[in-house]
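Fit chain R to the known structure of chain P by using the hints.
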Amino acid sequence: MRSVISPRVLIGAFMLVLLVAPAVLPPFYVTKLNYIGLYAMVALGLVLLTGVGGLTSFGQAAFVGVGAYATAVLTTSSALPGWLAWLGASPWLTLGAGLVITAAMAILIGSLTLKLSGHYLPLGTIAWGISLYFLFGTMQILGGHTGLGGIPAIHLFGFELRQDNEIYYLIWAFLLVGVFTVHNLLDSREGRAIRALKGGMVMAEAMGVNTARSRMVIFVIAALLACASGWLYAHMQRFVNPTPFGLHMGIEFLFMAVIGGAGYVWGALIGAGLIVVLKHWLQGLLPAIFGQSGNFEIIVFGVIMVFVLHKARNGLWPILTRLTQRVIPVRAAQRRIDAAAEPLARRELPIAGTLLLDAKNVTRKFGGLVANKDMSLQVRSGEILALIGPNGAGKSTMFNQISGVDTPTSGEVLFLGQAVAGRDSREIARMGMSRTFQHVRMLPTMSVLENVAIGAHLRGSKGVLASAWRLDRAEEARLLAEAARQIERVGLAEHMFDEAGSLALGQQRILEIARALASDPCLLLLDEPAAGLRYKEKQALAELLRKLKREGIGILLVEHDMDFVMGLVDRVVVMEFGEKIAEGLPDQVQRDPAVLEAYLGGVE
Amino acid sequence: MDFQIALILAQDGITNGAIYALLALALVLVFAVTRVIFIPQGEFVAYGALTLAMIENGVFPATAWLLLGAGVIVTALDAGAVVRAGGRRVMMLAGTHLLYPALLIGLLWSMPLKDLPLIGQVLVTLLVVVPMGPMMYRIVYQPIAEAPVLVLLIVSVAAHLALVGLGLVFFGAEGYRTSPFSQARFEIGPMFITGQTIWVVLSSLVLIVALAMFFGRTIYGKALRATAINRNGARLMGISPALAGKLTFFLAALIGVLSGVLISPITTIYYDSGFLIGLKGFVGAIIGGLASYPIAAAGALMVGLLEAFSSFWASAYKEVIVFTLVIPVLLWRSLTTHHMEEEE
Chain P
2 MRSVISPRVL IGAFMLVLLV APAVLPPFYV TKLNYIGLYA MVALGLVLLT
52 GVGGLTSFGQ AAFVGVGAYA TAVLTTSSAL PGWLAWLGAS PWLTLGAGLV
102 ITAAMAILIG SLTLKLSGHY LPLGTIAWGI SLYFLFGTMQ ILGGHTGLGG
152 IPAIHLFGFE LRQDNEIYYL IWAFLLVGVF TVHNLLDSRE GRAIRALKGG
202 MVMAEAMGVN TARSRMVIFV IAALLACASG WLYAHMQRFV NPTPFGLHMG
252 IEFLFMAVIG GAGYVWGALI GAGLIVVLKH WLQGLLPAIF GQSGNFEIIV
302 FGVIMVFVLH KARNGLWPIL TRLTQRVIPV RAAQRRIDAA AEPLARRELP
352 IAGTLLLDAK NVTRKFGGLV ANKDMSLQVR SGEILALIGP NGAGKSTMFN
402 QISGVDTPTS GEVLFLGQAV AGRDSREIAR MGMSRTFQHV RMLPTMSVLE
452 NVAIGAHLRG SKGVLASAWR LDRAEEARLL AEAARQIERV GLAEHMFDEA
502 GSLALGQQRI LEIARALASD PCLLLLDEPA AGLRYKEKQA LAELLRKLKR
552 EGIGILLVEH DMDFVMGLVD RVVVMEFGEK IAEGLPDQVQ RDPAVLEAYL
602 GGVE
Chain R
29 MDFQIALILA QDGITNGAIY ALLALALVLV FAVTRVIFIP QGEFVAYGAL
79 TLAMIENGVF PATAWLLLGA GVIVTALDAG AVVRAGGRRV MMLAGTHLLY
129 PALLIGLLWS MPLKDLPLIG QVLVTLLVVV PMGPMMYRIV YQPIAEAPVL
179 VLLIVSVAAH LALVGLGLVF FGAEGYRTSP FSQARFEIGP MFITGQTIWV
229 VLSSLVLIVA LAMFFGRTIY GKALRATAIN RNGARLMGIS PALAGKLTFF
279 LAALIGVLSG VLISPITTIY YDSGFLIGLK GFVGAIIGGL ASYPIAAAGA
329 LMVGLLEAFS SFWASAYKEV IVFTLVIPVL LWRSLTTHHM EEEE
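Those sequence lines, one after another, are chains P and R. Positions 2 to 605 (our numbering) are the ones given, in order, by the first sequence. Positions 29 to 372 (our numbering) are the ones given, in order, by the second sequence.
Worth flagging that the hints you see were computed from the coordinates, not collected in a lab. Keep in mind it's a predicted model, so treat the numbers as computed, not measured. For each residue, glycine too, the CB sits at the ideal point set by N, CA and C. Hints are not guaranteed to be accurate.
[What the hints assert, rightly or not] So the derived list for chain R, only partly shown, Cβ under 8 Å to chain P, looks like this:
no.	residue
1	65
2	345
3	348
[Claimed, not checked] For lysine-lysine, the following BS3-like pairs were computed, each having C-alpha atoms within a straight-line distance of at most 30 Å:
no.	chain 1	residue 1	chain 2	residue 2
4	P	280	P	33
5	P	581	P	374
6	P	312	R	274
7	P	116	R	346
8	P	361	P	548
9	P	539	P	550
In isolation and in its complexed conformation, chain P is listed as follows (with noise of 0.2 Å):
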């Protein structure tokens, strides 16, 4: 057997390269590696952005020059006015004041495009960045295309970065300390969060988190690091003009992002050192293979970027990481579970029979169609209701206007004695219905462990700023707790740890359940939980179902399946074309005769 180290080794290792590396190496690389630091901190923005949140941005040189500018305007000028000029005495000043400003920025651009699809943010960007750029060419306070120049130099507990190989050591440390920050964030409450907007929003929203926060949490995280990034740039050019800040470089951000591994916080590394190193092998080879001079590079980027999204999406990172593993194997991070944690406070549950679920007269229209008519339904705790019938009879309807996704024509659905109507879906959780989903809707490159602590997203409060310190880890252990304990419930304990999309789909429903428990709920909607799962499988469901029951849990489920059902509930009420026409005890529905009818037909 090969000895295995850990992950922690090969840090260390690597940070003892970067602290000799300036020592041993000639300036013109340690002016490379320099570069390599501040674009690498632009492109971990685009990490957490693209390729943990699915959104991006074209415009992040522009948040780079609004960091360089900054300082270099405040530093530098003397026709400032007095309320301003006192933030020029230091570059740890501009640097705060640089952030303020890019922070009011991307907030504004945020708020306009994020609550759009997708796309907009990028074209938003685009637009953004080539206006700022020409801003920045044409005003004369910024020294136009010509720029300003006189910037001082980096005062740090009283020495003076002057030289590449002193300010260097800053730069990388300002990378790694954004590389553990992110890294910490991604692996909290809020980093579940913000995994999650990818692909997984409804959910994420039906489990109380605040999607379009997140979004916007991202986004200016990104632009902060871009404007550090700013501000490291014109200290060690001493120098700004518009040309580093164009469009073509905040293409080339997202470009290194992507060609690293977009997913993978050191992807952000592996992919500014590989285009800032290829870039300057090309800028050298390719005009004199082309015989006249221009950047020529840029046909080579856009190839190898065409390449890399055909053939590995996910670039290099993990490549390279399989490949390293072949020569050295790295212990894989092994989460551990502290069953110590004290476990979360829980919602006090109504007295059994109490009236938790209200639905009055519901009618909902499509249309000409009459989805559902003048549909009442009550649910009390501790109890188990059906909603059943034939295909097409309007359940899933009722299912929606009862959740909150969809809002009756007319009627009203009351929970707890309040109208759910109007509520968003993240509030309606947060009064303690939880529900699961008809489609399975979980994020399958996470862990089971980690896409039930979704669930509990509700119970823990810490945020952005805790998690990215990790000053979040006691409660982070309560919540992984809870979410270990409802895997437990449900059966799933031995694939605790394993990717959520391996799972069988009858266990992917098990999975919701886990997760709408993990949330502490009064009230569960289960749509069609049985549907996918063996006989073995059914039967643990039921019983699980009936503890719950016993807790004082009320549930409603809509189902198919008439064996799993009639053993197991309450109470049930039966649809069709829309209207209920029989509610009652198992028993007695199933020999009622409009039900018989509706299942089998009438006698002609």
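Frame of chain P; chain R shown alone:
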């Protein structure tokens, strides 16, 4: 500003706006059918204009070599697909995509390009550049046709970059302006209208009407509309998504090249000018929500007018003003959109 200047600016704005409108229509079309945000649209404008300029100057249009290169790649890809599927019709495949560029190059060598009448030169330009549209679809987009919009967008940007770089190789860094279609000037009341303006506006109108007829009356047009409304449904009805994609890109390339030919007598075109021109079409398309043709066209016209008037009042800030226009448009769209959709 007096009335006369306003009229001149309006004329400028409408001329450019008509071209932006054409581009906006092409962008909406491509997005509707293939979900591709077609950033390289502008490169077809520049390629069209500069190919025509080369022909006018009696130089062999270097883009023909690019066409041949694209043909080779398409043939290789298609042949690979056929062989993998166990077929044997490789030779036939090679025929279409290799023979056409080869024949065209032969034809171009043998023709006195410089002495052709303008209409002939434009025709040659179309023959050289437009087929690159469907070829580009085959090479760049078809292999990942089912990818998310975001991936298609990034690929578009990559293709745009590669084409700009190739443009520099083929056309050099110098800009060109082609000779106008007509030297005529008409005096109507207080204003002069140039023949070129009339050409641009009329051609745009004719093209828009032709497109409307194509989509309303022909089976292929209807097939594209069906694909735009429901890709899977159209596929089940036997409309090949690959064919729909290629046809759409053919139309987009055609519109792009014609726009380039129309705009090059008005503006000096460089190898990288296409991008900004295309983006202004984009602003129009975004105003139409990438979905409505008439609103997109109207929006593009507005962009043209805004550009003309801002170049008079604040010429340094012309581009800033035009692109900042996107922000109120996005605000308006954002306020009127309420549904939350799942990104694929």
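Given residue 348 of chain R as an interface hint, is its Cβ closer than 8 Å to any Cβ of chain P? Nearest chain P Cβ about 5 Å off; hint holds.
Are the Cα atoms of residue 280 of chain P and residue 33 of chain P separated by 30 Å or less? With Cα atoms ~11 Å apart, residue 280 of chain P and residue 33 of chain P stay inside 30 Å; holds.
Hint check: residue 581 of chain P vs residue 374 of chain P, CA-CA at most 30 Å. Holds or violated? holds, 8 Å
Taking 8 Å as the limit, does the beta-carbon of residue 65 of chain R come near enough to a beta-carbon in chain P? holds, 6 Å
If you draw a straight line from the CA of residue 116 of chain P to the CA of residue 346 of chain R, is it 30 Å or shorter? holds, 28 Å
If you draw a straight line from the CA of residue 361 of chain P to the CA of residue 548 of chain P, is it 30 Å or shorter? Satisfied, since the Cα-Cα distance of roughly 29 Å is no more than 30 Å.
Assess, step by step, whether the Cα of residue 312 of chain P is no farther than 30 Å from the Cα of residue 274 of chain R, and give holds or violated. Roughly 21 Å separates the two Cα atoms, so the pair holds.
Sort out whether residue 550 of chain P lies within 30 Å of residue 539 of chain P, counting only the CA atoms. Distance of about 16 Å is within 30 Å: holds.
Let me know if the C-beta of residue 345 of chain R comes in closer than 8 Å to any C-beta of chain P, holds or violated. holds, 6 Å
The structure fails none of the hints (numbered hints given earlier).
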